[in-house]
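Novice: The chain contents come next:
Protein chains: 6
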Amino acid sequence: MPYINVKMTHEDAGATKEQKEKLAKGITELFSEIFGRGASSAVILIEEVSTDNYAIGGKTVTNIREEQKKN
Amino acid sequence: MPYINVKMTHEDAGATKEQKEKLAKGITELFSEIFGRGASSAVILIEEVSTDNYAIGGKTVTNIREEQKKN
Amino acid sequence: MPYINVKMTHEDAGATKEQKEKLAKGITELFSEIFGRGASSAVILIEEVSTDNYAIGGKTVTNIREEQKKN
Amino acid sequence: MPYINVKMTHEDAGATKEQKEKLAKGITELFSEIFGRGASSAVILIEEVSTDNYAIGGKTVTNIREEQKKN
Amino acid sequence: MPYINVKMTHEDAGATKEQKEKLAKGITELFSEIFGRGASSAVILIEEVSTDNYAIGGKTVTNIREEQKKN
Amino acid sequence: MPYINVKMTHEDAGATKEQKEKLAKGITELFSEIFGRGASSAVILIEEVSTDNYAIGGKTVTNIREEQKKN
Numbered sequence: 001m002p003y004i005n006v007k008m009t010h011e012d013a014g015a016t017k018e019q020k021e022k023l024a025k026g027i028t029e030l031f032s033e034i035f036g037r038g039a040s041s042a043v044i045l046i047e048e049v050s051t052d053n054y055a056i057g058g059k060t061v062t063n064i065r066e067e068q069k070k071n
Numbered sequence: 001m002p003y004i005n006v007k008m009t010h011e012d013a014g015a016t017k018e019q020k021e022k023l024a025k026g027i028t029e030l031f032s033e034i035f036g037r038g039a040s041s042a043v044i045l046i047e048e049v050s051t052d053n054y055a056i057g058g059k060t061v062t063n064i065r066e067e068q069k070k071n
Numbered sequence: 001m002p003y004i005n006v007k008m009t010h011e012d013a014g015a016t017k018e019q020k021e022k023l024a025k026g027i028t029e030l031f032s033e034i035f036g037r038g039a040s041s042a043v044i045l046i047e048e049v050s051t052d053n054y055a056i057g058g059k060t061v062t063n064i065r066e067e068q069k070k071n
Numbered sequence: 001m002p003y004i005n006v007k008m009t010h011e012d013a014g015a016t017k018e019q020k021e022k023l024a025k026g027i028t029e030l031f032s033e034i035f036g037r038g039a040s041s042a043v044i045l046i047e048e049v050s051t052d053n054y055a056i057g058g059k060t061v062t063n064i065r066e067e068q069k070k071n
Numbered sequence: 001m002p003y004i005n006v007k008m009t010h011e012d013a014g015a016t017k018e019q020k021e022k023l024a025k026g027i028t029e030l031f032s033e034i035f036g037r038g039a040s041s042a043v044i045l046i047e048e049v050s051t052d053n054y055a056i057g058g059k060t061v062t063n064i065r066e067e068q069k070k071n
Numbered sequence: 001m002p003y004i005n006v007k008m009t010h011e012d013a014g015a016t017k018e019q020k021e022k023l024a025k026g027i028t029e030l031f032s033e034i035f036g037r038g039a040s041s042a043v044i045l046i047e048e049v050s051t052d053n054y055a056i057g058g059k060t061v062t063n064i065r066e067e068q069k070k071n
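Residue numbers (the UniProt record's numbering), protein chains in the order written: chain A, 1 to 71; chain B, 1 to 71; chain C, 1 to 71; chain D, 1 to 71; chain E, 1 to 71; chain F, 1 to 71.
These aren't lab readings, by the way, just hints derived from the structure by calculation. Take these hints with a grain of salt, some might be off.
Which copy is meant is left open, because identical chains are indistinguishable; a pair holds if it fits in one copy or across any two.
Pairs of lysine-lysine residues, derived as PhoX-like cross-links and limited to a Cα-Cα distance of at most 20 Å, are as follows [stated by the list, open to error]: (1) 69 - 59; (2) 70 - 59; (3) 59 - 17; (4) 59 - 22.
Turn these sequences into a full structure, and let the hints guide you.
Specialist: Here's what the structure looks like:
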C-alpha cells in the first residue's frame with residue numbers, strides 16, 4: 001500500500017534500469033513522506049508503451065514528436 | 001482529461017498504426033462531443049495483449065478462437 | 001474483448017446516465033467498425049474521480065479550473 | 001505523458017486536498033527530472049479505496065491494521 | 001507481487017466485507033498454488049462501480065438487468 | 001462482469017499457457033462461487049512485466065531476487 005502504476009512512452013532506447021530504480025525509489029519516498037506510510041509496502045509498476053499507442057488530444061505521440069521536429 | 005485505456009487482444013498481425021490513430025482520434029472526438037471537454041487534453045492509451053492472456057467466462061481467447069474455427 | 005476503461009473528472013453534477021450510455025455505445029461501435037470485432041463482447045467501464053484527484057502537468061484540475069475562471 | 005495512477009487506502013479522514021496536490025506535483029517533478037519530459041503533460045490520477053478493499057498477502061488492510069493495534 | 005485488480009458492479013447491497021475477504025484470500029492462494037510465489041506479497045484491490053458505469057457489448061449492466069427481468 | 005486484471009512479474013521462462021488457463025479458470029470459478037454471477041461474463045486479463053519494472057518498498061524485484069540469492 002499504495003499501488004502506483006506508471007505508464008510512459010518508450011522513447012529512444014527506453015527507460016534504463018537505473019532510471020526505473022530511481023523512479024520507484026523516489027515515488028516510494030515521496031509517498032511515505034507525505035502520508036507517513038508505505039515505505040516498505042508500496043508497489044510501483046512501470047509499463048512502457050510505444051509512442052504509436054499513446055495519444056494526447058487525439059494525436060499519437062509519434063505524430064506529436066514528428067510535428068515538433070518540423071518546428 | 002479524460003484518460004482512456006484500451007486493452008485489446010493482439011490478433012493476426014496486430015493493430016496497425018492507422019487503426020490506432022483512428023481509434024484514438026475517434027474516441028477523443030466522441031468524448032468531446034458528449035461532454036464538451038477533452039478535445040485537447042484527452043489521453044488515450046492502447047495496449048495489446050496475447051490471446052493467451054485474455055479470458056472471457058474462464059476461457060482464453062486462444063481457446064475461444066479455436067472452438068469458433070471448429071464450428 | 002476489448003476492455004476499455006474511461007477515467008474522467010466528476011464535474012458539475014457528474015456524467016448523466018444518458019451520457020454514459022452514449023459513450024459506452026459509441027466507443028463499442030467505433031471499435032467494432034475499426035477492428036471488425038467486439039460488438040457483443042466489448043467491456044466499457046467508466047469511473048469518475050474528483051477534480052482534486054486528477055492532475056495535469058503537476059496541477060490538479062480543481063486548480064486549473066480556478067485559474068481558467070480568473071481569465 | 002506519462003500517466004501515473006496512485007491507488008491508496010482511505011485511512012483516518014482520507015488524503016487531504018493539500019496532500020494530493022503535493023503528491024501530484026512531486027511525482028511530476030520527479031519524473032521530469034529523471035526522464036527530461038512530462039513537466040507539462042504528465043497526468044496523475046489518485047484513487048482512494050476502503051481498507052476492506054485492499055489486501056496484502058491475502059489479508060485486508062482492515063484486518064492488518066487490527067492485528068497491528070493488538071501488538 | 002502479483003498485483004490483482006478486481007472491478008465489479010455494485011449490485012443489491014454491494015459486496016460484503018466477508019465476501020471481499022474471501023475473494024482476496026482465495027485469489028492469493030490460487031495464484032500461490034499455480035506459480036509458487038506471492039503468498040505474502042500479493043496485492044488484491046477490489047473496486048465496485050455502479051451498474052450504470054459498466055457496459056458489455058455497448059449496453060450498460062443497468063439496461064442488461066432490466067431486459068433480464070422482463071424475460 | 002467482473003473485470004479482473006492480473007499483473008505479475010515475468011520470471012524464469014514466464015507463465016506458461018497452461019498456468020494462465022488455470023489462473024483464468026480458477027479466478028472465474030472463485031468469483032462466481034462467492035458472488036453468484038460472472039461465470040460466463042468474467043473478463044480476466046493477465047500481463048507480465050519485467051522484474052526491473054515492479055518494485056516493492058522502493059526496491060525492484062530484480063534487486064530483491066539478487067539479495068535473496070545472497071542469503
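Novice: Now look at each hint and say whether the structure bears it out.
Specialist: Results of checking the hints against the structure:
1. 69 - 59: Answer is within: at 15 Å inside a copy they meet the 20 Å cutoff, but 27 Å across does not.
2. 70 - 59: within (16 Å within a copy, 29 Å between copies)
3. 59 - 17: Close across copies (12 Å), not inside one copy (29 Å); limit 20 Å.
4. 59 - 22: between (30 Å within a copy, 9 Å between copies)
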